[in-house]
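Here are the chains, one letter per residue:
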Amino acid sequence: MSRIELKKVNKFYDKVHVLKDVDLVIEQGDFMTLLGPSGCGKTTTLRVISGLENPQSGEVIIDGELVADPRTGKFSPPSKRNLNLVFQSYALWPHMTVFQNVAFGLNIHKLPKQEVSTRVMAALEQMQIHHFAQRYPSELSGGQQQRVAIARAIVSQPKILLLDEPLSNLDAKLRVDMRAELKRLHKELKTTIIYVTHDQVEALTLSSKIAVYFDGVLTQCNTPYEIYNNPATLRVAEFIGNPKINFIRGTIASLDEDSMTIQCECGPIVIDNLARRSNGALKKEKSENECLDVTIAIRPEDIMVSRNEAPGCLSCRISSIMPAGSETLMELEIGNHHILAKEIGLQQYETDEHVWVHLKQRRMNVYEQKESSLIVRAL
Amino acid sequence: MADAIETGIEEQRVVGLRLSMNRFKNYVRNPQNLISIIAIVVLLFLIALPLWEIFTKSFQLQYRDALKTRAKEGAFSLQYWKTVFASNISKAMFYEPLANSLLTSLCVSFVGILIGGVLAWLVTRTDLPMKKFFSFILVVAYMVPSWCKALAWQIIFKNERIGGYPGMFQAVFKVAPPDWISYGFFPIVLSLSLHYFVFSFLLISAALVSVGGDLEEMAEIVGAKRTTILMKITFPLVMPAILSSFILTFSKAIGSFGVPAFLGMKVNYYTLSTMIYTNIRNRMTTQAYVLSIVLILVAGFTVYLNQKAIGKRKSFTTIGGKSGRTNLLKLKRLKPAITAFLLLFVFLCVVLPLFVLVWQSVMLKPGVYSLDNLTLHFWIGQPNASIADGEAGIFHNPRIWSSLYNTLKLVSIVSLIATVSGLLLGYIISRGRKRLSGRFIEQISFTPMLIPSIALSTIYLSMFSRPHLLVPVLYGTFSLLVLISIVKYLPFAVRSGTSSMLQIHSELEEAAKIEGASWIRIFSRLILPLAKGGVFSAFLLIFISGMKELALIMLLVTPETSTLTSLTYSYTESGYAQFSNAITTLIIFIIMVVNLIARKVSKADISNGIGG
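Which chain is which? The protein sequence lines are A and B, in order.
Quick note, the first sequence lines up with residues -2 to 376 if you use the working numbering.
Quick note, the second sequence lines up with residues 56 to 667 if you use the working numbering.
No lab work stands behind these hints: they were computed from the structure.
For every residue, glycine included, the Cβ atom is placed at its ideal position computed from N, Cα and C.
Honestly, I wouldn't trust all of these hints.
To be verified - Below, in silico cross-link-like pairs of lysine-lysine (DSBU-like), each with a Cα-Cα straight-line distance of 30 Å or less:
| hint | chain 1 | residue 1 | chain 2 | residue 2 |
| --- | --- | --- | --- | --- |
| 1 | B | K80 | A | K107 |
| 2 | B | K123 | A | K4 |
| 3 | A | K4 | B | K587 |
| 4 | B | K587 | A | K110 |
| 5 | B | K363 | B | K385 |
| 6 | A | K5 | B | K80 |
| 7 | B | K568 | A | K184 |
| 8 | B | K80 | A | K77 |
| 9 | A | K71 | B | K137 |
As the list claims (entries may be wrong) - Beta-carbon label-pair distances, calculated as ranges:
| hint | chain 1 | residue 1 | chain 2 | residue 2 | range |
| --- | --- | --- | --- | --- | --- |
| 10 | B | K464 | A | Q125 | 50 to 58 Å |
| 11 | B | I575 | A | Q125 | 51 to 59 Å |
| 12 | B | R488 | A | E24 | 51 to 59 Å |
| 13 | B | F591 | A | T115 | 33 to 41 Å |
| 14 | A | D11 | B | I575 | 54 to 62 Å |
| 15 | B | G355 | A | D11 | 25 to 33 Å |
| 16 | B | L74 | A | E254 | 53 to 61 Å |
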C-alpha cells in the first residue's frame, strides 16, 4: 500500500501563495503526472510530498501515516517517507563515480558491502549503464547522466518514485526514447510514480492520471483520456492538445429537452444528445439567464474539410496551409473568424481555396463563459 | 455540555503545546538554524559590540581627566570630541592628518589607476611579449608588503635630517636628496601607488577580458578608428572597473599604516592612522577613539560608494560573457621600447627594493657601500657586544625565533579558523539569502571591511583590556591576536566561502537528504570535497595576508607575543636597520614559498584575494 493523500494543502514562500487548498489522492501503482505551466506549483507539490518543503496548512498522508501536519508541527524527514526523487538537474555528485553515487544511500543505511554492490549493479543494469560504473558524471552524456540519476533513485527500492521534469534537459530524440524507458520502468517496478512536467505530450503518453495546475490551484485531476476529451475549464482545454483547440463564442438561442441551438459568429450550431452530455448546470444556468453566453471548444482533428458541399457544412477560405508529413494543418477563415483544422496525411489544398467544413458537434465541449465551467461534454 | 467544552479547550491546549514543542525541535534539529544563532551571537560580540563600545567611550570621561576636573569617571563628556575638532591642537591632531590622509589616498588612487590601467591594457589588448611573466611579476609586487617598499625607499633616499647613516643616493652622489624626496607626501604616495596599482591592474584587465573583442570588432565594422574605439567603446565599458578600483585603492590607502609610519612620522608628517597610533602611545586613548571613528566613517563611506556604484553597473562589465578572440593591437616599432620600459618598471618596483633590503641586511655598518663592509653577522652571527648592542644574528636570536614561531602559529591558526568560519557562514548566507538571519550575517560579517586595521586594533585594545561577559581580559595574550586577525579576514573568508557555496547547487544536498544523510555527513562528504579548491585558496590567501600584517597587531603585541612584522617595526624604530631588513627578507621569502606551493598544488591565485 502506498497511497498518497494531500488534504487542503497550502504553501507560501514568504508572501507568495504557491499552493492553494490542494486536494489530491494518488493511488498505489499510479503514474500520476503533475502538469501545468511553469510556476504553477507542480514542483512545489512534489517537494511537499517528498518532505523537502513543509506546507503551512493542510495534511499529507502517505500509507495512512500523517507525514506532514502543520497543526502539531510534526513533519517526517524525507528519508522516513520511503520515497526517492530524480531532480531536474539530476543532482549527481560530481566528485563521486557512478557507482559511488548510486551506492551512497545504501551505505548510509549501513548495508553489507556485498549487498550494496549487487544492488547497485542490478540498478545500473536495469538502466543499461552498468559498463559506466567507474566513470564520473562529467564523463557521461546527458542521457546517461539521466539514467544514473534514475538508478540512484530506484536502488533503494522506494515505494514512491518522484520525478521532477526529468526529460527537460534532453534533446528531442532522446526524450522520446526515455519516455518508453520510463513506461517500461513503471511496469517493471510497480511503484507509484509522481511525475512533474510542463510538456503535455509527455503527460498524455506516460501517465495513468494527470493533475493539471494553474496558479497554485489544482484544476482537474483525471485520466489522460478524460483530460483530453473533456477538459474541465477553458484554460485546461487551451493548455492541453497541440495544435491548440478552437474556441467559438456564441449564445444559446433555444434549448429543448434533448438538443439546443447555439448562435455563433459563423452561424447556428445544433448540439444534441443533451440528456447524456449535460448535467443539471446547463438547465439551471439557462433558467437564470435568458441569453446564456457560452464557448464551444472543438479540437482541430474534429473538423472535417471537404471540397464538396454537404448539409450542415460551413463555407470558408483557407488562409494558410502547413503540411507536416503525417498531418496537414489548415487555418480556415469563416467570416472574420479563424479556426484550425487538422487532416491526416498530406492534403492537396491551395491557399485561398474555398472549401466546406463539417464541425463534429458530438465532439464539442460547451463551456459557460463567465465561470468557464463545462456544461456540455463531448462524447 | 460544559465538560465537552472543557475537554475541547484542554485538547486545544495540548495541541498548542505540542505545536510549540515540535516547532522548537524542528528549529534546533536544523543545523542551519543552530549555526545561524551561534554565528549571530559571536559576530555581535566581536564586531557590533566593539563598535558600540568605542562610540560610547568617546563620550565618557576617562579616569585621568576625571581626576583633573573632579568629575566622576565615565561621566558624559564632549571633551574628547572637542579636543579633536575644535581646540588649539586640533589642527595638528586632526585637520592636518585628515588632509594628508585624503590627499595621499586620492593621489595613490590616481597614480595606481594610471599605472594599473595602462599595464592592463598593454597585457590584454596588445601584442606585448612575455605577458605571462609580466602578469606574474606584477602580482608578486603585491605580495611584497607595502611597508617593505617604504623601507627600501628609506635605504636609498634617506638624508641626514633624521640622523643616523646616510642613504644610498647620498653615498653615491655625495649630495643629500631634498626633504620632499626623502620623507612625507611624495615617497608615501609613490610607495603606496607601487603597491596598490595591482588592484587596478587586476580589476581592469579582468574587465577588459570580459568585455570581449566582438563589441570592439562591431565598432570596427561600422568604420570606427582604433582610437575612437578605445575612447568610445572600450573605455566606457571598463569604467565600472576603473571606478571600483579607484574606491578600493582609496579605502585601502587611507587605512594604511606602515608606509606613512616609516616615511612620515619621523618628520611629523601624520596621517589619520599614524596619528591614532601616536595618540595611543601618548596615552590619549579616547582622542584616538574619536579619530578611529572618523577614519571608519571615511573608509566606510567609500566602500559604501563602491557597493552602490558596482551594484548598479555590475551587469555592465559582465555583459561580454564569452570573450571572443580579440585582434591584438600591433605595437610595431614601439614594441622594444615599451617592453624595455616595462622591464625597467618591474626592476624598480619589485627587484630593486628586494635587492636593497637584502644588501642592507648584510652590511656591517649601515650606509657604507663597499665590499669589505659586507657581513653575514645579522643573519648567522653569534652575539657580539661591539655590534648592535650584542644582538645575535637572526638565525641565533631567540627573540626572532620565538617571533617566527608566533607568526607561523598565528597565521596558521587564523587562516584555518577564518576559512572554516567563512565556509560555514558562506553556507548559511548562500542557503538563507531570503531569510533575515542570512542577510544579517552577510552584512555583519562584511562590516570589518569598513574598519581600517589600525582603528580595529584600537577598538580591540579598548574592549579587551577588561573582562567582558564571559570573556576574561585578553590584552597581551596570543588569543587576542588570533581573535582580531580572524575578524579582519572574515569578510574575505566569508565572501570566498559564499561564492564556493553558491556554486554547489542545493539539489545536490537535497538528493543526499532524501537518502537519509545527516547534515554532518552532507557537509563532510559532499560540501567539503566540492568546495575544496576554494577552501584551499582562501586558506593560502589569508595565510599570505597574515604574514604581511603590521597595523592590525602593532598595538596589541607584547614582547612575548611579538611577530616578525612587529619585530621589524621595533628594530626600525630603534635604528637596527640590518635586523629589520633581514627579517623582512625572511617574511618575503616565506610568502614566496607559500605562494609557490599554492600555485603548484592548486590553482589558487592571489588575484582572487585582492581587497582581502
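Taking the hints in turn, this is what the structure says about them:
With a CA separation close to 26 Å, the supplied pair K80/B and K107/A stays within the 30 Å bound. The hinted pair formed by K123/B and K4/A fails the criterion: a straight-line CA distance of about 77 Å is larger than 30 Å. A distance of roughly 44 Å separates the Cα atoms of K4/A and K587/B; the hinted pair therefore is violated under the 30 Å criterion. Between K587/B and K110/A the CA atoms are separated by roughly 28 Å; this keeps the pair inside 30 Å, and the hint holds.
A C-alpha spacing of about 37 Å is found between K363/B and K385/B, which places the hinted pair above 30 Å, so the restraint is violated. For the proposed pair K5/A and K80/B, the alpha carbon gap of about 25 Å is at most 30 Å, so the pair holds. The straight-line distance between the Cα atoms of K568/B and K184/A is roughly 27 Å, inside the 30 Å bound, and the hint therefore holds. For the proposed pair K80/B and K77/A, the alpha carbon gap of about 17 Å is at most 30 Å, so the pair holds.
Only pairs whose Cα atoms come within 30 Å are accepted, and K71/A paired with K137/B is rejected, the gap being roughly 61 Å. Between K464/B and Q125/A the Cβ separation comes to about 56 Å, which falls inside the hinted range of 50 to 58 Å. At about 35 Å, the CB distance of I575/B to Q125/A disagrees with the hint of 51 to 59 Å. For the pair R488/B and E24/A, the beta carbons lie near 39 Å from each other, so the given range of 51 to 59 Å is not met.
F591/B and T115/A have their C-beta atoms about 38 Å apart, which keeps the hinted 33 to 41 Å range intact. Restraint check, D11/A to I575/B: a C-beta distance of roughly 29 Å breaks the suggested window 54 to 62 Å. Checked against the given bound of 25 to 33 Å, the beta carbons of G355/B and D11/A, roughly 30 Å apart, stay inside it. At about 57 Å, the CB distance of L74/B to E254/A agrees with the hint of 53 to 61 Å.
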